[in-house]
Amino acid sequence: MDEQALHDHIDSLRAASGSAAIGVQIFDYETERTFSHEGDRWFHAASTMKVAVLVALFHAADMGRVRLEDRLHVRNRFRSIVDRSIFRVQRDRDADSAVHRRVGRSMKLIELAEPMIMRSSNLATNLLLEFLTPDYIQSTLKKAKVDGVQVLRGVEDSVAFDHGLNNTVTPSGLVALLRLLREERLFSESARSRMLAILLAQEFNSMIPALLPDSAQVAHKTGEISTCTHDAGLVLLPGRRPYAVAILTEHPPGLDDTQKLVAKVSRLVYEFITA
Amino acid sequence: MKVVDGLTLSAEHRALLRPGEMLECDGQEAHRLPRYFYEIDSWAHAKETQLTPHFTLSELITVDCREADLLLHSFPHYVPCAVIVLARYLEDFRQRVEAPVCVAVNGGYRSPAHRLGGRPNPHIWAAAANIYRVGDTWLDSQKSIERYARIAESLGPEVYVRPFGFNPGETDDHLHVDLGYLLSTPRGYSELQ
Chain A
1 MDEQALHDHI DSLRAASGSA AIGVQIFDYE TERTFSHEGD RWFHAASTMK VAVLVALFHA
61 ADMGRVRLED RLHVRNRFRS IVDRSIFRVQ RDRDADSAVH RRVGRSMKLI ELAEPMIMRS
121 SNLATNLLLE FLTPDYIQST LKKAKVDGVQ VLRGVEDSVA FDHGLNNTVT PSGLVALLRL
181 LREERLFSES ARSRMLAILL AQEFNSMIPA LLPDSAQVAH KTGEISTCTH DAGLVLLPGR
241 RPYAVAILTE HPPGLDDTQK LVAKVSRLVY EFITA
Chain C
276 MKVVDGLTLS AEHRALLRPG EMLECDGQEA HRLPRYFYEI DSWAHAKETQ LTPHFTLSEL
336 ITVDCREADL LLHSFPHYVP CAVIVLARYL EDFRQRVEAP VCVAVNGGYR SPAHRLGGRP
396 NPHIWAAAAN IYRVGDTWLD SQKSIERYAR IAESLGPEVY VRPFGFNPGE TDDHLHVDLG
456 YLLSTPRGYS ELQ
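Protein chains in written order, with the numbering used here: chain A, 1 to 275; chain C, 276 to 468.
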């Protein structure tokens, strides 16, 4: 499959699915080839922004600013970036309940990072984001020369949402972020290895990995809200270097099979890469 | 527990604990910080130290990584002597509610160097506790907080509880109980320099 064919297939899938937009960015370490389909289009980040929080946490640890084994008070109480009003993460809307069970007590920073990625814990995310601060996360991304990832606020800040203040990403931004896990630009080898292990332990595997061969390992992070379904990750295949891919979709609320759409695009990308 | 005069501590500890210093609050109030501390040589020591039948020292000094690095990571730890008085009040409270009383992390003693911010408050004197749970009841609603606030207030006029609410000085996810800016000078020790 050539690049034009991949563009055409993605467009066909988008049209057939009823989605409003699909953005795809690929970087293949084997060939150093880049592919971009609406790669610089901005999307609501949903939970893909949690990778940026992970990266900033490990950067803070590498810089000696924090220790990953240090403990943080688990408190479900956050302030909106708009008016400082208080909001809480709804337990029944959070994919992970383990962190909620620790309210009042403390957890190690690394113990928060793991459920933030592996089970997309919103509470863990907000705790780490509040601790690190959005400014620190953005400064880490700037230092890493990662454009295309904007982290403004925590999850479920509905006042900010109503004001149109959201975390946003582009497919190329997410791929640049994932490349930090492979390249010796910002992190120690130990940090890269630990972040990769956390992303490899992802428990939500119905998108990028779903239609890939069993031999594929995927270090990835999904993100879903009512109008967006995303997945971004590093795909590790036997006998070749990995590729980084971000597949972001935007669609009307309530659209069916949006995860399947991402899985199909992931399969197309795999066929393109391995052709 | 061994009592130490904070003025004899290392320069690094004095800079963080500021023993005996006057602490200004918004330029309108000033309170003298604790000078006498219990010396805790290990976390095991804190867990083994039963201040009252239901409260160990460790429960009242647990902080997170917003505490100053030296005070968080190295022993000995130093805890203002008023912590024993706080424990006695919490024990009385526990007897009245007839259920386990859980004090939050950062919700007992924390040093003046703790990065949680806000106005100086009796936590720095080891004279305040943030209770987040009583038995199976989470104190995260107006009803539960006010119910247990009334019981805490019934311990005596010296007990202050923050009202329920979302503004500064109010609480919405725990019950804050304090005894004011309580200083304890153990017998045999002096306020003379």
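Take the hints with a grain of salt, since some may be wrong.
[As the list claims (entries may be wrong)] Examples of chain A residues lying across from chain C (beta carbon under 10 Å, computed):
#1 Asp62
#2 Val66
#3 Arg71
#4 Leu72
#5 His73
#6 Val74
#7 Arg75
#8 Asn76
#9 Ile81
#10 Ile86
#11 Gln90
#12 Val103
#13 Ser106
#14 Arg182
#15 Arg185
#16 Phe187
[Stated by the list, open to error] Dumping the calculated SDA-like pairs for lysine to any residue here, alpha-carbon to alpha-carbon at most 20 Å:
#17 Lys108(A) <-> Leu346(C)
#18 Lys260(A) <-> Asp28(A)
#19 Lys108(A) <-> Pro328(C)
#20 Lys108(A) <-> Lys277(C)
#21 Lys260(A) <-> Ser226(A)
#22 Lys264(A) <-> Ser12(A)
#23 Lys108(A) <-> Gly463(C)
#24 Lys108(A) <-> Ser349(C)
#25 Lys418(C) <-> Ser190(A)
#26 Lys260(A) <-> Ser190(A)
#27 Lys108(A) <-> Gly440(C)
#28 Lys277(C) <-> Gly463(C)
#29 Lys108(A) <-> Arg390(C)
#30 Lys322(C) <-> Asp70(A)
#31 Lys322(C) <-> Arg105(A)
#32 Lys322(C) <-> Ser226(A)
#33 Lys108(A) <-> Leu347(C)
#34 Lys322(C) <-> Gly18(A)
#35 Lys145(A) <-> Lys264(A)
#36 Lys108(A) <-> Lys418(C)
#37 Lys108(A) <-> Glu466(C)
#38 Lys108(A) <-> Leu345(C)
#39 Lys418(C) <-> Arg77(A)
#40 Lys418(C) <-> Val103(A)
Calculated from the structure, these hints are not laboratory results.
Ideal placement from N, C-alpha and C gives every residue a C-beta, glycine not left out.
request  = Just pull the numbers of the violated hints for me, sorted ascending.
outcome  = Those not satisfied are hints 1, 9, 11, 14, 15, 16, 18, 19, 20, 23, 25, 26, 27, 32, 34, 35, 36 and 37.
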